[in-house]
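J.: These protein sequence lines are chains A and B, in that order.
Just add 131 to wherever you are in the first sequence, counting from 1, and you've got the numbering used here.
Just add 1 to wherever you are in the second sequence, counting from 1, and you've got the numbering used here.
Hints were generated in silico from the structure; no laboratory data involved.
Some hints here could point you the wrong way.
Ranges between beta-carbon positions, derived for each pair [stated by the list, open to error]:
1) P712(A) / A45(B): 40 to 46 Å
2) A22(B) / P405(A): 36 to 42 Å
3) E50(B) / M681(A): 36 to 42 Å
4) K730(A) / S6(B): 35 to 41 Å
Chain B regions said to be covered by chain A (calculated; three or more residues, Cβ under 8 Å) [said to hold, decoys possible]:
5) 8-16
6) 20-34
Fair warning: this is a prediction, and the values are worked out from it, not measured in the lab.
For glycine and all other residues, C-beta sits at the position ideal for the given N, C-alpha and C.
Okay, here's what each chain looks like letter by letter:
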Amino acid sequence: MNVFVLAIVAVIYVTAIGYLGYLGYRRTHTSADYLVAGRQTHPFVMALSYGAAFISTSAIVGFGGAAAMYGMGILWLVFLNILMGIFVAFVVLGARTRRMGRRLQAQTFPELLGRRFQSRFLQGASALIIVVFMPLYAAAVLIGAARYLEATLMPGYFEVAVILFSLVIAVYVVVGGLKGVMYTDALQGSIMFIGMVIMLFYAYGHCGGVLEAHRQLEALPDEVRAEAALLLPRIRDAVPAEVDDAEAVDWFIAAMGRLESAPEGGDDPDELAPVAAKLAAQPELADAPALINRAVTMQFERDGWRGWARMPAPGSNQFYVLVTSIILGVGIGVIGQPQLAVRFMTVRSTRELNRAVLVGGVFILVMTAVAYIVGNLSNLWFVDETRGGLLSLAKADRNIDSIIPLFVKDALPSWFGVLFMLALLSAAVSTLSSQFHTIGAAIGRDFFEHGLGAGDGRRHTVLVTRVGIIVAILATVVLAFQLPAGIVATATAMFFGLCAAAFIPAYIGGLYWRRMNRAGALASVLTGFGASFLWIMFVQMPKGRLPALMANGLLGRPTVLPDPVLGIQWCWTESIVVALPVSAFAAVVVSLLTRPDPKDHIAHCFDGAAPRKGR
Amino acid sequence: MLGFSDPWIAAGYLLCLLATALCVVYGAINWNNGDEPPPTDEDAKWAEEKERIDDSL
Numbered sequence: 132m133n134v135f136v137l138a139i140v141a142v143i144y145v146t147a148i149g150y151l152g153y154l155g156y157r158r159t160h161t162s163a164d165y166l167v168a169g170r171q172t173h174p175f176v177m178a179l180s181y182g183a184a185f186i187s188t189s190a191i192v193g194f195g196g197a198a199a200m201y202g203m204g205i206l207w208l209v210f211l212n213i214l215m216g217i218f219v220a221f222v223v224l225g226a227r228t229r230r231m232g233r234r235l236q237a238q239t240f241p242e243l244l245g246r247r248f249q250s251r252f253l254q255g256a257s258a259l260i261i262v263v264f265m266p267l268y269a270a271a272v273l274i275g276a277a278r279y280l281e282a283t284l285m286p287g288y289f290e291v292a293v294i295l296f297s298l299v300i301a302v303y304v305v306v307g308g309l310k311g312v313m314y315t316d317a318l319q320g321s322i323m324f325i326g327m328v329i330m331l332f333y334a335y336g337h338c339g340g341v342l343e344a345h346r347q348l349e350a351l352p353d354e355v356r357a358e359a360a361l362l363l364p365r366i367r368d369a370v371p372a373e374v375d376d377a378e379a380v381d382w383f384i385a386a387m388g389r390l391e392s393a394p395e396g397g398d399d400p401d402e403l404a405p406v407a408a409k410l411a412a413q414p415e416l417a418d419a420p421a422l423i424n425r426a427v428t429m430q431f432e433r434d435g436w437r438g439w440a441r442m443p444a445p446g447s448n449q450f451y452v453l454v455t456s457i458i459l460g461v462g463i464g465v466i467g468q469p470q471l472a473v474r475f476m477t478v479r480s481t482r483e484l485n486r487a488v489l490v491g492g493v494f495i496l497v498m499t500a501v502a503y504i505v506g507n508l509s510n511l512w513f514v515d516e517t518r519g520g521l522l523s524l525a526k527a528d529r530n531i532d533s534i535i536p537l538f539v540k541d542a543l544p545s546w547f548g549v550l551f552m553l554a555l556l557s558a559a560v561s562t563l564s565s566q567f568h569t570i571g572a573a574i575g576r577d578f579f580e581h582g583l584g585a586g587d588g589r590r591h592t593v594l595v596t597r598v599g600i601i602v603a604i605l606a607t608v609v610l611a612f613q614l615p616a617g618i619v620a621t622a623t624a625m626f627f628g629l630c631a632a633a634f635i636p637a638y639i640g641g642l643y644w645r646r647m648n649r650a651g652a653l654a655s656v657l658t659g660f661g662a663s664f665l666w667i668m669f670v671q672m673p674k675g676r677l678p679a680l681m682a683n684g685l686l687g688r689p690t691v692l693p694d695p696v697l698g699i700q701w702c703w704t705e706s707i708v709v710a711l712p713v714s715a716f717a718a719v720v721v722s723l724l725t726r727p728d729p730k731d732h733i734a735h736c737f738d739g740a741a742p743r744k745g746r
Numbered sequence: 002m003l004g005f006s007d008p009w010i011a012a013g014y015l016l017c018l019l020a021t022a023l024c025v026v027y028g029a030i031n032w033n034n035g036d037e038p039p040p041t042d043e044d045a046k047w048a049e050e051k052e053r054i055d056d057s058l
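Work the whole structure out from these sequences, hints included.
T.: Okay, here's the thing in structure tokens:
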């Protein structure tokens, strides 16, 4: 990349961000300013800042890359993101969350639950769930940002990128972050928005239009097969005679894969010897794009993939991962996200929420749908002979998290690539700092001060909060190194699923159902969390292939449910599908079987009636 | 439809656009609706508390 261009764009960008940060800071000095400022904030600015926090790098880099593999079926996630994450969240839950939050003087999500159900234990327990598991999601965002930095500026230095970026975050969080971040968030949001629109035009334009691109995408799997078949005459003599001509190339590719994992031929040295000899005589075959691409689609097909323009085969591994983890886990899980739900309490009025629905809907469509469509179309872009002729996954060395960064670098003009990179990275900074902010508040205020009833002196709370944030940052960096490649989408889905099962029934029940009581909420949070946790540790195989996290270590097998039960392959199913219904069931049954909460408290929560003194 | 032969894919694509249209129409109709009460004591207390927490973080 041209260093001069990079420097100029970076200087302009940092100046603009600095100026906007100063502007926001100058306008909000006191709490009264804080309240009034919201009235003057254009809803466009508010919704963009919400969107920038909601979407961040993990959606664009992680899920955009996943789209290059799963195909256009991932657009169902966009549908749910808009319907649940914007429409239901703002219109149905937002206004009530805001009203009840103010009445109960709740500052954080665990505090809202704790005060609605009059349980310090609930507040502390919810906080603990956030503190322990939020680093998983933060690590996903950190990896997304570091992959981007790696692809754009420092190829091959992922670890350096992680450390560099973590230092930036640490400084940002320690210094306290910019106070009036709304304007800077909005600028980042705008740049990314424009960037995504330009990217969409590039991607569709390159393919000759929308319909034409979809047709090419639909035809691509057959083309990949046909290209590989052209090599048949060169490899036929290395394939056993009993293998059909139609299957010979696939057989050869599978044999190449077996040789790669066992160079001596493994159990079948005789069968593989001709293949090894062929590769020795024609070493260029191992690097032939046609064979590499076919190897990629063969791997997909083994998991039930049927092409980029088709849903995976029902009941297959890919089908379960796409539908239960990615579409349902993230699409529904977004409602139970503590750091997003808390934003409704900071909104000034229902009118702002109504306006944000319009802007937010369009914003999420453009950010996520474009990322996923571009992820798909990147296959058509990279498979072009002038660009190396490889499918996206092969181009990115089989790491899906590198696909979008590579595409931006390759397809967009370099000055815009720089600007887009800066916007994406600074959005990651603000998302990460808000994640650490949520962790800090959870550990200091919710867990230590209220959950344990300790630290009445503020000094202790501040100390615990700071230590908590530092530990959380360290845990996040360690996780970023430890997690396997291509994990951004999976880790995000896991955290969303966990939050959904633990929090959604108590959150929605607390807002809408007067009969829901403390015992019901406790039962729901604990069973929802417990069920998800056990499911993730012992049943669910991440990506449908890796062993469940603890089953291997403790029980010596990859999952406790290897075979289908009732026709469902549970070990490929995301925890939310099981744990959310269990948690909702517990909420309803336990609430109905136990005594209702005091009437005056319920009246205070729902109608704003003043609570009786001495409560 | 839309160049896709799989109706599930075409449906997903269309639903994204319809969901966005729903948000746009709802937002436009309710652009000036919704309560906008002056800041109450509760709001002010809430904001002061928030400020304190933000500072301590």
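J.: Now tell me if each hint is right for this structure.
T.: Tested hints:
1. P712(A) / A45(B): 40 to 46 Å: Holds - the Cβ-Cβ distance for P712(A) and A45(B), about 42 Å, lies within 40 to 46 Å.
2. A22(B) / P405(A): 36 to 42 Å: 59 Å, violated
3. E50(B) / M681(A): 36 to 42 Å: 40 Å, holds
4. K730(A) / S6(B): 35 to 41 Å: With Cβ atoms ~59 Å apart, the hint is violated.
5. 8-16: It holds, with 5 qualifying residues against the three required.
6. 20-34: holds (count 12)
Checked against the numbered hints given earlier, the structure breaks hints 2 and 4 and satisfies all the rest.
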